[in-house]
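Engineer: Chain by chain, the residues run as shown.
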Amino acid sequence: MRTRAIDGEASEWVVRLESTSVPPEVRAEFEAWCAADPRHHAAYLRQRDTWTRLDRLQALRPPPAGLEEPNRLPLRAWAQRRSPRTRLPYPRRRLAALAAVLVVACVGWLLWNLGFAPEAAGETYATVVGGFQRVILPDESVIELNTDSQLRVEFDSRRRLVQLERGEASFSVVRDSARPFVVMAEETAVRAVGTQFNVRRRADSVEVMVVEGIVAVGPREAVGGARTLHPSFPVVTAGNIAIAAPAGFKVRELEPDEGQRVLAWHSGMLFFEGQTLAEAAEEFNRYNRRKLAIADPAIAALRIGGQFRSTNAEVFARVVERRYGLQVTETTERIVLRGAESSP
Amino acid sequence: MNEADTCAWFRRFLHYEPQLRAYLRRFLRDDDDIADVVQDSYARLLLLSDAERERIRSPRAFMFTTVHNAAVDHLRRRPVVSLDAMAELEASALLEEEVQIRSLDFEIDARQELDRLQRAIAALPKRCREVLRLRKLLGFSQKEVAAELGIAEHTVEKQLARALRLCTELLMAAVEDPKSGTYGSTPARQCGGRQDADSSD
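Chains W and B, in that order, are what the protein sequence lines are.
First residue of the first sequence: 1, per our numbering; consecutive thereafter.
First residue of the second sequence: 1, per our numbering; consecutive thereafter.
Errors might be hidden in some of the hints.
On the chain W side, residues computed to face chain B include the following (Cβ under 7 Å) [claimed, not checked]:
{"no.": "1", "residue": "Val15"}
{"no.": "2", "residue": "Trp51"}
{"no.": "3", "residue": "Leu57"}
{"no.": "4", "residue": "Pro138"}
{"no.": "5", "residue": "Thr332"}
No lab work stands behind these hints, which were simulated from the structure alone.
Ideal Cβ placement from N, Cα and C applies to all residues, glycine included.
Chain W extracted, bound-state conformation (with noise of 0.2 Å):
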């Protein structure tokens, strides 16, 4: 925490003295700053070098097009669009102005109550099949998107809300006890405070392994008006995971390295330990266009092992057909699995 917070103030000093003009006293403060902690020299070195390299996004700024600046033009434009050309009567004028505030105020005002704070408008993130995607949220709490997932983030004064739409994620939930994070995925809930998570949706349930913290799961109707679970729902707390089922909801221990291996997306792997060939190719399948079948129902069920990249089925079929004997046909859009003595 020391070290964000250092981070922070160096990161405010990058800013400050790249604007304008910096007077000599503004300047002695910062060499001040520098010298009373050699970390801070450090964090205003590394913050100054992000900045630095900000600046090659220079290189994909839009090809100017005519004498006018081009990247205001259209907000400029915009602008004169909307500058009034009709000019009301000066003291009708005043009534329309005065009705407008009201106008505002009220609609305001109604917002407000009804949780619509601002920051409220929501964001939707996508990823597409094989992609990641890592979200910031206001709050700096952190979301990781898997392979073809999408989800809604709501956000307001009262609480913190995400739909997970499709797909899997995991959040980094920075506490903060005034409002909840609430995760909803089809009809399950899931409510943490602050804490690390993982919710994938699956084709009729949905398991959240829970990382560090306590979250509470419960039924969507369960959250009620102030759309947040109640604390007395079911808790699952870390080194578990929960699986919400229509057929009922369970709760069980997370196995040796099991924790690893549902992660193991976040760096772009896929984590095989005596899982069947039919689950990897399933697993694999959720990351490629190009699917894994297996032709063979008599290799379905071997067993497998290993670390493969997720968006590389190739080399998982490379592999189990030197391993396993198994004979591999490809075409563009599948590549098939059989046994060595089936014949094709």
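Please arrange chain B on chain W, whose structure you already have, making use of the hints.
Structural biologist: Chain B only, in chain W's frame:
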């Protein structure tokens, strides 16, 4: 060394941070601990005399050693020392060489760098992202950003500082984004001996 020289010299050591963080993850679970150790290491770097700075031949080797020592000190200072972490750290003294060999080809070309920056910016909260885009991508001054978005200049400054800090965190995070172009060339990740796909069972 003057400030500009220090800046350029220091930059040579910053490149390895994502790898160093991946390395530290083997012994330190907590991200805050890792951040402390990394910051401590940089501070040690700045305390070197000019003569000592001259003597550093390989910034990468120097950083791995410094980080390693800082991690040992960090664990010793803890009220309850986890023996596991200590033992692992001691046993890993030899791993360092391995890490270096595996990371020899760690080079970021301009295209990859641009991808990394774009990905970092895409991860920022909306407000930060807007302010940073106007300031760095479109080259607006802080005053112009404030006017464009209709917010106070002070707010612009706050948001910029926050965006900068978050970008640094994202760019320096332990390298583990498989889709970044750097994946194949940064094996100092948690592959630890398992990268051989043949090692089933």
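Engineer: Taking the hints in turn, state whether each one holds.
Structural biologist: How the hints compare with the structure:
Given the 7 Å rule on beta carbons, the hint for valine 15/W holds: about 5 Å separates it from the nearest Cβ of chain B. At its closest, the beta carbon of tryptophan 51/W sits 6 Å from a beta carbon of chain B; the interface hint therefore holds under the 7 Å criterion. Proximity of leucine 57/W to chain B holds as hinted, the smallest CB-CB distance being about 5 Å (cut-off 7 Å). Annotation: interface hint on proline 138/W holds; nearest CB of chain B at approximately 4 Å, less than 7 Å.
Of the supplied interface hints, the one on threonine 332/W is violated, with its beta-carbon coming no nearer than about 22 Å to a beta-carbon of chain B, more than 7 Å.
Hint 5 from the list above is the single one not met by this structure.
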